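> Using the sequences and the hints given, assemble the complete structure.
Which chain is which? The protein sequence lines are A and B, in order. Per the working numbering, the very first residue in the first sequence carries number 1; after that it's consecutive. Per the working numbering, the very first residue in the second sequence carries number 1; after that it's consecutive.
Relax, there's no trap hidden among the hints.
Listed next, the stretches of chain B that the computed footprint assigns to chain A, with coverage defined by at least 3 CB atoms under 8 angstroms from CB atoms of chain A:
1. 273-283
2. 576-584
Here are the computed lysine-lysine pairs in the DSSO-like style, where the Cα-Cα straight-line distance is at most 30 angstroms:
3. B:Lys265 x A:Lys125
4. A:Lys139 x B:Lys265
5. A:Lys139 x B:Lys562
6. A:Lys117 x B:Lys589
7. A:Lys139 x A:Lys184
8. A:Lys114 x B:Lys266
9. B:Lys615 x B:Lys290
10. B:Lys652 x A:Lys77
Partner residues are not named here, just some residues of chain A that face chain B (Cβ under 7 angstroms, in silico):
11. Ile56
12. Lys77
13. Ala80
14. Arg83
15. Arg84
16. Phe89
17. Asn95
18. Leu97
19. Thr99
20. Leu100
21. Lys103
22. Glu104
23. Pro109
24. Ala111
25. Lys117
These aren't lab readings, by the way, just hints derived from the structure by calculation. Here the structure is a predicted model, which is why all the values come from computation and not from measurement. The beta-carbon is built from N, C-alpha and C at its ideal position, and this holds for glycine as well.
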Amino acid sequence: MTVLIGRKIKKVYGKKSTAQEVLKGIDVEVNKGEFVGIMGPSGSGKTTLLNVLCSIDFATEGVIEINGQNLRGMKEKALANFRREQLGFIFQDYNLLDTLTVKENILLPLAISKLSKAIAESRVKELTHLLGITEILNKYPNEISGGQKQRTSAARALITNPSLVFADEPTGALDSKSATALLKNLQSINETKEATIMMVTHDAVAASFCTRVLFLKDGLIYSELYKGDKTRQVFFQEIMHTQSVLGGDGYES
Amino acid sequence: MSLSKLVLRSMKKNMKHYYLYFFALIFSVTLYFSFVTLQYNAEVWEAVQISGTATAGFKAATYILYFIVLFFVLYANHLFMKRRSKEVGLYQLIGMTKGLIVRLLAIENILLFVGAVIVGMLAGFFSSRVFAMILLRVLEKEALVTMAFSTQALQQSILVFAVLLIIVLIQMAWMIHRVSLLSLFSAAKQADERVRRFSPLQMVIGFLGLILIGYGYYASTKLFDIEATSNLLVSMLIILATTIGGTFLVFRFSIAFIMNIIRLKKKGHLSVQDVLALTPIMHRMKSNAKSLTLITVLTGVSLGITTLSYIAYYSSEASAYSQVPGDFVLLENNSQAFVEALEQHNIAYGAVDYRLQGVSATVGQLMSEEQKDNPLYTMEGVIYTIPLSDYQQKVPTASLSGNDAILTNYGGYMAEMFPLEKDRDIDVSAGEFKETLHIVDIQEHSLISGIITAGGGGPIFVVTDKMFEHLATQSELYPWHEQTTITLQAESDRAAAEQLYQQTGADILTIVDNEGDTHEYKQSSYEMQRKGNIESLGLTIFITAFLGLAFLMTTGSILYFKQMSEAEEERDSYTILRKIGFAEKDIMKGIYMKQAFNFGVPLVIGLLHSYFAVKSGWFLFGTELTTPLWLAMCCYIALYAIFAVLSVGYYKRVVRESL
Chain A
1 MTVLIGRKIK KVYGKKSTAQ EVLKGIDVEV NKGEFVGIMG PSGSGKTTLL
51 NVLCSIDFAT EGVIEINGQN LRGMKEKALA NFRREQLGFI FQDYNLLDTL
101 TVKENILLPL AISKLSKAIA ESRVKELTHL LGITEILNKY PNEISGGQKQ
151 RTSAARALIT NPSLVFADEP TGALDSKSAT ALLKNLQSIN ETKEATIMMV
201 THDAVAASFC TRVLFLKDGL IYSELYKGDK TRQVFFQEIM HTQSVLGGDG
251 YES
Chain B
1 MSLSKLVLRS MKKNMKHYYL YFFALIFSVT LYFSFVTLQY NAEVWEAVQI
51 SGTATAGFKA ATYILYFIVL FFVLYANHLF MKRRSKEVGL YQLIGMTKGL
101 IVRLLAIENI LLFVGAVIVG MLAGFFSSRV FAMILLRVLE KEALVTMAFS
151 TQALQQSILV FAVLLIIVLI QMAWMIHRVS LLSLFSAAKQ ADERVRRFSP
201 LQMVIGFLGL ILIGYGYYAS TKLFDIEATS NLLVSMLIIL ATTIGGTFLV
251 FRFSIAFIMN IIRLKKKGHL SVQDVLALTP IMHRMKSNAK SLTLITVLTG
301 VSLGITTLSY IAYYSSEASA YSQVPGDFVL LENNSQAFVE ALEQHNIAYG
351 AVDYRLQGVS ATVGQLMSEE QKDNPLYTME GVIYTIPLSD YQQKVPTASL
401 SGNDAILTNY GGYMAEMFPL EKDRDIDVSA GEFKETLHIV DIQEHSLISG
451 IITAGGGGPI FVVTDKMFEH LATQSELYPW HEQTTITLQA ESDRAAAEQL
501 YQQTGADILT IVDNEGDTHE YKQSSYEMQR KGNIESLGLT IFITAFLGLA
551 FLMTTGSILY FKQMSEAEEE RDSYTILRKI GFAEKDIMKG IYMKQAFNFG
601 VPLVIGLLHS YFAVKSGWFL FGTELTTPLW LAMCCYIALY AIFAVLSVGY
651 YKRVVRESL
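In structure tokens:
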């Protein structure tokens with residue numbers, strides 16, 4: 001089943017004279033249960049693509065459908081509702097509210113939904129158990145580590161059982177140990193809960209946890225790699241190879 | 001790049017930050033300059049000469065105004081500096097010395113100040129005319145106000161703002177010198193320290209705050225009770241200390257504590273309102289407690305003062321009426337000439353005659369036991385009686401029998417401070433007669449001239465006609481025997497009647513008392529009395545109202561500025577919320593709550609403070625409490641609402657721009 005369909009997505013910034021085309025017509029499809037990575041050198045349009053796909057930003061041209069719903073033409077309010085109910089977000093800088101405890105942060109997307117407290121409570125229990133953050137539920141963000149913050153952020157993204165989770169450089173601000181732990185968490189959630197995840201990263205290790213990796217260059221999809229039955233090590237080598245062909249950043253040897 | 005170029009560039013870039021500070025400066029200059037100009041205006045000066053205390057009043061008000069302005073500008077500068085801390089940090093990072101930065105900012109500040117003083121003075125020059133017109137209106141004077149530029153006012157304002165500039169520069173230099181490079185970058189972040197847990201100790205202290213305020217309010221209601229009067233000053237200080245201290249504790253602990261309880265009850269399932277109003281307010285309470293306390297107290301004080309002087313102004317009619325209960329009150333036999341003159345000029349009027357007879361009595365007999373330390377308790381004085389049949393002209397339903405009597409005409413602060421009780425007996429004597437009257441009712445209708453009752457609102461007895469005639473056999477012992485109250489039927493005749501009143505000399509009374517001494521009295525007409533009241537109070541009222549307005553505008557602006565910077569600090573949160581799917585409308589729901597709290601709570605507590613302050617001693621200022629209090633309060637509520645709306649508008653923009 002296809003969760004996300006993007007056709008000929010173009011994004012132009014600036015006015016006519018200074019116009020800069022960041023996305024030059026991208027076609028992308030994501031099936032249910034996939035864990036898709038988006039890679040590419042700086043300035044290739046990774047984050048722009050993600051923002052456009054998740055309706056935080058508007059595409060200049062092209063069609064985006066999530067779960068069969070066309071994002072274009074939806075009103076601001078409808079889009080917000082759509083984001084809240086259908087999508088989950090994990091950001092590089094966590095984006096937790098300082099004034100809320102971990103539990104309150106996780107439950108934030110449910111603040112205006114009519115979901116019963118009991119169900120919400122059981123979801124919190126399940127997710128925090130999966131992510132290993134049951135101990136810190138009553139702490140404030142400034143009392144916990146970066147890895148814990150990012151796992152909190154992941155729990156918040158998953159609390160609504162979204163059709164699609166967008167992660168923008170989720171490991172960018174983490175040390176390698178916390179990063180690996182988080183990625184393992186995401187991978188297991190992807191497998192056990194059949195959550196569809198789309199992740200932007202410039203880290204080949206992070207990308208190697210995905211089931212499929214898209215490579216972007218200059219606003220176009222340059223190539224695509226499937227993990228298939230390969231081990232993570234082999235997949236990692238493939239990613240590194242593609243990156244070196246691609247040039248730009250990402251050399252980590 | 002030279003320093004001056006850098007200054008100009010940074011000013012151009014920072015226009016958005018500056019406008020708040022610039023506005024605060026202009027506003028202060030306008031307020032100050034218009035007030036000073038007003039003082040040097042010839043027409044105004046002429047009009048207020050009658051109030052003997054004009055010079056002193058203006059001078060005191062100028063000092064207070066300067067204090068308000070100083071406080072306001074320093075606060076705005078502080079906020080402004082905090083906002084620019086990053087910029088200052090950047091300058092330091094690229095190797096500028098603190099001295100150079102101080103010089104840079106000093107040049108900016110001087111430029112801003114000069115600009116604001118020029119703009120403010122222009123605005124002040126024009127607004128001073130408006131204020132002058134309002135003042136003359138209050139005084140009921142009809143004079144044309146000319147605009148005269150006063151060099152004295154100019155000099156005074158320039159001097160005063162030069163001093164203010166120096167103080168601001170010192171504050172700025174101090175702020176820059178005090179902080180390290182590192183903390184400059186995290187100045188905005190320091191507020192994040194606010195996220196703390198709440199301990200049981202806070203609960204106790206928070207509760208104590210509520211008790212302190214409660215005690216202060218309770219004590220204020222007892223302030224003018226007889227037992228407490230022995231050390232009025234001490235009790236006033238205690239009340240001030242408990243209410244102000246209590247207010248601080250409430251802001252610092254109680255509010256966060258109560259909110260925390262609500263929050264804990266939700267067990268993590270917060271609504272949007274909780275996320276956007278409850279939690280930020282709760283965590284900010286520590287840093288906001290001081291300023292909110294100050295704002296609340298200032299609101300309370302200024303509203304209290306404004307209300308009291310408004311009560312005095314508003315009551316000028318009522319107090320004139322208690323002194324002169326009727327358009328014209330004619331005593332003894334000097335009425336003839338005036339009444340004839342009225343008829344000659346075809347002026348329609350109604351007349352009511354009262355026969356009067358004095359008796360000696362001790363009103364203490366009508367007081368409760370608790371007031372026995374009261375000097376009036378044992379003091380014997382002369383109280384006049386009127387017969388029931390005369391009283392029935394005003395109150396047709398009144399009836400009395402035997403030794404029954406009605407005590408009436410008893411109002412104003414006398415009635416408030418020395419309450420009398422009905423269904424009690426009072427011994428009266430006139431010459432050799434001794435009687436005991438039984439008081440069946442106590443009324444406050446003004447009937448008899450203040451000259452007779454020894455000041456407006458003094459008591460008189462209404463007795464049966466039989467009793468009156470009985471007492472009247474002693475009439476030569478007391479100077480007053482009759483009063484005629486004239487009421488005009490058409491308002492349009494008033495001016496003419498007033499003239500006749502003076503022409504016929506009805507306002508001058510010469511009385512020979514039983515010991516043969518001659519006394520001269522001036523019985524003003526009601527209108528003369530009222531105008532006299534207004535003239536003697538008008539300036540005070542104007543000045544207090546002006547200061548009240550200044551206080552109100554500054555506290556309102558400060559709350560607004562605070563909200564502006566809070567909105568900027570919370571911009572990131574709004575971005576997060578909008579990203580994860582909260583619509584603008586959902587977020588605004590929380591913002592409305594937050595604004596209702598931020599403006600509402602200081603306002604409500606301030607209103608309560610002023611209510612109890614006014615309530616404790618209003619009767620010393622006038623005869624009417626409810627209407628002036630309500631009007632003044634509504635005025636404050638309306639102006640705060642305007643600031644709240646402005647603030648909501650600002651938040652709306654921030655929320656909209658946040659994604």
